[in-house]
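One point on numbering: in this note's numbering, the residue at position 339 of the sequence shown is 431, and numbering is uninterrupted.
Fair warning: there could be bad hints in the mix.
Now the in silico label distances, taken between C-beta atoms and shown as ranges [said to hold, decoys possible]:
| no. | residue 1 | residue 2 | range |
| --- | --- | --- | --- |
| 1 | Gly524 | Glu187 | 58 to 68 Å |
| 2 | Glu212 | Glu187 | 14 to 24 Å |
| 3 | Ser525 | Thr268 | 41 to 51 Å |
| 4 | Asp380 | Glu265 | 29 to 39 Å |
No lab work stands behind these hints: they were computed from the structure.
Just so we're clear, the structure is a prediction, and the values are computed from it rather than from any experiment.
Where a beta carbon is used, it is the ideal one built from N, C-alpha and C, also for glycine.
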Amino acid sequence: MKRLSTIFILVICLFQLNGQGIFDSDIHTAIPFGDVSSPPTETAQQVIDQDPDTKFLDFFFQDGMGFEVNVGSATIATSIAIVTANDAPERDPQEYEIFGSNDGSDYTSIATGTIPCVTERFLSRTFAFSNTEAYSIYRVNFTGTCGPSTILQVADVQLFEMIGSAPVMSCPESLTVDSSPGECSGIANFEVTVSDLEDGTVEPTLTLGFEAGSAYPVGNTPVVYTAVDSDGNIVSCNFTVTVLDVESPVFECPDDMTVNVDQGATGATVNFDVAVSDNCSVINPIDDFTPLGTMDNQSYYLSNSLFVPEDAAFTDAPDNGGTLGTIRNEEENMYILNAVREPTSGLANILIGYTDISSEGEFEWFSGDPSDYNNWNEGEPNNSGPSGEPENYTIMLGNGTWNDIASLPSQTYRYLLEVEYELLQTAGLASGSTFPLGTTTNSFVATDVAGNSSNCEFTVTVDNTSSTENHFLANSISLTPNPSSDWVTISNESNLALKNIIIFDIYGKMVFMIDQDQINDNPAIDISELLTGIYLMEIQTERGSITKKLLKQ
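Based on the provided sequences and hints, a complete structural model is requested.
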C-alpha cells in the first residue's frame with residue numbers, strides 16, 4: 093500500500109513522467125532502421141522529440157519504417173504510445189513490432205500489435221504489452237498503411253516502463269446497434285472499467301468517440317479510452333461502435349386519381365406531388381460508385397475506380413449525369429470529408445471539381461458555381477507539378493484541406509461525383525405530362541445511403557364516360573319558361589326517372605325540395621313564393637344529377 097504523501101507527489105508529476113518516458117531526444121538519438129527515405133525535416137529523430145507538429149516519414153516503406161534508440165542503461169519497457177501525424181490518415185501504420193537488445197547485434201521481439209485506423213490527427217494511443225526483460229537498445233518497426241499509399245508516417249513514439257503494477261482495463265468487444273426511430277444515429281450502451289492493484293478503481297478517460305449512452309452516428313465510430321494510475325502507468329483500449337441504418341425512406345404517395353375529360357378528348361394534363369423523406373439521406377444508386385449522401389438536393393458519390401483527373405472531369409463524370417463535385421461552403425466541406433472517411437479508410441486524396449485549366453491561378457468549378465469558397469492547405473495552390481507539369485486539378489486531403497495536382501497518367505484518384513437528385517420513377521409518366529385515356533400506373537422507388545428502399549405506386553385514370561353522361565343529361569333536361577315569375581316546367585325528353593328536385597339560392601341555402609313521391613315525368617313547379625333573383629335547381633335522375641340555372645322574375 094502506498095503512503096498518501098507518495099500518491100500526492102506522483103499525481104503532481106504525472107504528466108512529467110508521461111512526457112519523459114524512456115526516450116529523451118535531448119540525450120538520445122533515433123537511428124533509422126531498414127531502407128528509409130525521409131525529407132531532411134522529417135527524420136527518425138523527430139519521432140522521439142515528443143512534438144506532434146513534427147513527424148517521421150518514409151517515402152518507401154515496403155520493408156517497414158523503423159528506428160532504434162540506445163537509451164544507455166537497461167530499462168524494462170511495458171507500453172508504447174503512438175501519435176498520429178498532422179495529415180494524410182492513409183499514411184498511418186497498421187502494425188508495430190518492438191525489439192530489444194543489449195549488444196546491438198542480437199535483437200529479441202518483445203511485442204507485436206495492430207493499430208486501429210482513425211482519421212483524427214495528433215491522437216495519442218498507448219498499447220500495453222508483457223515484458224520482464226530490461227534492454228538498453230529498443231527498436232520499433234511499423235508496417236502496413238491505413239489507405240492506398242506508398243508513404244508511411246508517425247508523429248511521435250514513446251516507450252514507458254512500469255512503476256509498480258499497471259492498471260487493468262476491461263473494454264467491450266466492438267458492438268453493433270440499430271439506428272433509433274427517425275434518427276440517423278443509434279444509442280450505444282457499454283461499460284469500460286479500470287482496476288489497479290495499488291490504486292483500486294481508476295477512472296477511464298474518453299480519448300476518442302462518445303461516452304456510453306450517447307447517440308452514435310450511422311456508420312463506424314472508433315472509440316478509445318485511456319487510464320493512468322498514480323504511478324503514471326498508462327493503458328488504452330480500442331473498440332468500434334457500428335450503427336446500422338435500418339429505416340427505409342418514407343413516401344407521401346398520392347391516392348389513385350381519376351380525371352374526367354370532354355367527349356372527343358384523347359388525354360389530360362395531370363399534376364401530382366410525390367414526397368419522400370428519410371432518417372438519413374436518400375440517393376439514387378449508380379453502378380461503380382459509393383453513395384455518400386444528398387445535401388441541398390445535390391447527391392454526392394465516390395467513384396470506386398481510379399481515374400486520371402482529366403478523364404474523370406471531361407469523360408466519366410458527364411457520362412454518369414453529373415460533374416466533379418462542387419464544395420460551396422465549410423458545411424459542405426465537412427459533410428463530404430465525414431462521408432468519404434469510411435469508404436476510403438481515412439480519405440486517400442479525393443479529386444474534386446476545382447480547376448484553373450482555363451486560366452492559371454483563377455480557379456473555378458466545373459459545375460459553373462461561383463468560386464466563393466476554398467480550403468487550401470498551407471502553401472497551396474503552388475502549381476508545382478513533377479517536371480514542371482501544371483497543377484490544374486484539386487484533391488481533398490485527409491484533413492479536409494485542398495491541394496492542387498497535375499493530371500498525369502501515372503497518378504490516378506477516386507473522384508467526387510455530384511448529380512442533381514431526382515426521385516427515381518420506374519413506370520408511368522411524370523407530373524405535368526399528358527396522360528392518355530384509360531389507366532396509367534405510376535411507380536417510384538426511393539433508396540437511402542444504406543441501400544434501404546421503399547416504393548410508391550398509384551394509378552391515373554383519364555375518363556370521358558362521365559363527360560358523355562353530362563352531355564346526355566344536359567340535352568335531356570330543360571326548364572321552361574326560364575326566366576319565370578310563377579310556374580316552371582321540367583322538360584324530360586328522354587323520360588328519365590326523376591328522383592329529387594332541390595332549389596338553392598346563390599348562397600347555397602336550400603329553399604325548395606320535392607322528393608320522388610311527388611314528381612311526375614314532366615313536373616311543373618310553383619316558384620311564385622321565391623324572391624326575385626338567380627337560383628340553382630339540382631335535378632337528380634336515374635342517370636345521375638344535373639344542375640340548371642333558374643331566373644325568378
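Status of the hints after comparison with the structure:
As the Cβ distance of Gly524 to Glu187 is approximately 60 Å, the hint placing it in 58 to 68 Å holds. For the pair Glu212 and Glu187, the beta carbons lie near 19 Å from each other, so the given range of 14 to 24 Å is met. Taking 41 to 51 Å as the suggested C-beta distance range, the pair Ser525 and Thr268 conforms, at roughly 45 Å. Checking the proposed 29 to 39 Å range against Asp380 and Glu265 shows it holds: the Cβ atoms sit about 34 Å from each other.
Comparing the model with each numbered hint stated earlier shows that all of them hold.
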